[in-house]
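Since the structure of chain H is already known, use the hints to place chain V with the ligand on it.
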Amino acid sequence: MESLEEKPTVEGFYKHCDRGELMFVECLSCGSKFAAPKAICGRCGSKNVKWRMSKGVGKLITYTVIHVPPLQFKDQAPYVVGIVELREGFKLLSLIRDVEPKNIQVGMELKVGFEKSNRGEWPYWGRYFFTPL
Amino acid sequence: MKLKPLASIVSFGLSKFGKREGLYSRELFYEAAQEAFERAPNLDPRRDVQALFIGQMSEYFEHQGHMGPLAADWVGLERVPAVRVENACASSGVALRCGLLAVKSGLYDVVMVGGVEKMTHIPTINNVEILTLASDNPFEQWNGVTFPGLYALMAVAHMERYGTTEEQLGMVAVKNHRNGSLNPKAHMQKQVTLEEVLSSKPVSWPLKLYDCSLITDGASCVILTRPDIARKFTDTPIDILGSGQAYDRLPLSERESLHSIPAAKLACREAYQMAGITAADVDLAEVHDCFTIAEIMAYEDLGFCGEGEGGKLIEEGVTELDGNIPVNPSGGLKAKGHPVGATGAAQVYEICLQLIGEAGPRQVKDAEVALTHNVGGSGATSVVHIFRRRG
Ligand SMILES: [Zn+2]
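Line by line, the protein sequences give chains H and V.
Going by my numbering, the first residue of the first sequence is number 1, and it counts up by one from there.
Going by my numbering, the first residue of the second sequence is number 1, and it counts up by one from there.
Here chain H stands alone, though its shape is the one from the complex (with noise of 0.2 Å):
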């Protein structure tokens, strides 16, 4: 696929969201993997850095039910954020959706979801979000 061979960025990030496909960085030369897209690899500073994609599946490792939300939040509290290890081995911070607070617990399996961004202004990307499998 041709968007594998872009350079990582968080912008890309996003807009491979809007297609709906949840991109991690590989860094070829020590095996580390991330989320957030960089140039540089965090752990052993080469820049032999590539997209990979997720097939979107993993376990919730902590987990908040967050009952006083920022601003563009104000009207979803209380809501469930997470971090997700994805089978692939990177992690993610996400909102979980679909599951109730009392229901959820550490170890659930979770697959990633999609949806159009709403806010009609910079930045425009789709947005990425996880559910129970």
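Honestly, the hints are just simulated from the structure, not real lab data.
Note that the structure is predicted; figures quoted are calculated from it, not measured.
The reader is advised that the hints may include incorrect statements.
[Stated by the list, open to error] Here are some, though not all, of the chain V residues that point toward chain H, as calculated from beta-carbon distances under 10 Å:
(1) I125
(2) V128
(3) L131
(4) N137
(5) Q141
(6) G144
(7) A155
(8) V156
(9) V203
(10) W205
(11) P206
(12) S253
(13) L258
Heads up, the beta-carbon is just placed ideally off N, CA and C, and yes, glycines get one too.
Just chain V with the ligand now, with coordinates in the frame of chain H:
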């Protein structure tokens, strides 16, 4: 222990912390500076102070940037270099380090460092919004996470791994409110019970209202000199023996550990090595308890106990005022309050009062060596300093 200090503190000042209606941050900084100037009558600010480093987290609170020259002007300094330092909630801990580097370089003999933030005049939701700017925008803010949220993620990771309980978190709040009740400059001088903490309303589960530090107005300042000239200005200099600072990745998800703050461990190791001490030499500490879990992790990151033993340490009373290592005798961010940009230097203020024996009813007995631990954001900045009373 190291004999030659990096720099010495010859004076210090703190505004009253709280809801300071009718005052701009420049006026709060003036209040802190006046105390510092009064403590050191031999110091002429206009003649002696050669630079100012002032921490301020955000210009959005008051729609006021460019705080360096503004603050310098308001406290009557000569036309010296005046620099605003921004490292989120560690802004003035880092400002202290900048002042230290400036003195240690030999460029200046006397510098002023401090911090300020005015927060209470805007609604809570706007405060949440501004504070959240210290997290990663596209990978954290877009997902609706807040600062209590980020620390709650660490709290759950700590609870899952070590069995830390909500009661243990609550005990940190009870202790710090008890200490704060003895501090006339604290924002809240009221004690709370464990029951009240545990039944307070959820902010970001498992963190409840009483697990969170306060939104506060306040300012702090410290005057540093070359160690060899400190006695010109005071009979009781406080020497800075060690200074450590480290960064980590902004997104919490990319840290090596979710149940500790790796940058705090690095900063602490650097400061201990520089001072030539270990955790066992520390008589008291002011740590960054922005949330109760943060104090539990600080115990572990600073080596006051082993990993995962922070909950037990608070339970055993080791960090109480009369314990083996009193932590946050001032009341901490929890009760004294957390005007974010002022916090790092406010911690130093408390350490100075304690080391010269002027902390009144909250005085820690026989304190000689003390530590401050100041954290920015969810831990992407950490800065640790070691102080000793000059004998
Ligand atoms: Zn690498």
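Please name the hints from earlier in the document that this structure breaks, with their numbers sorted from lowest to highest. Those not satisfied: there are none.
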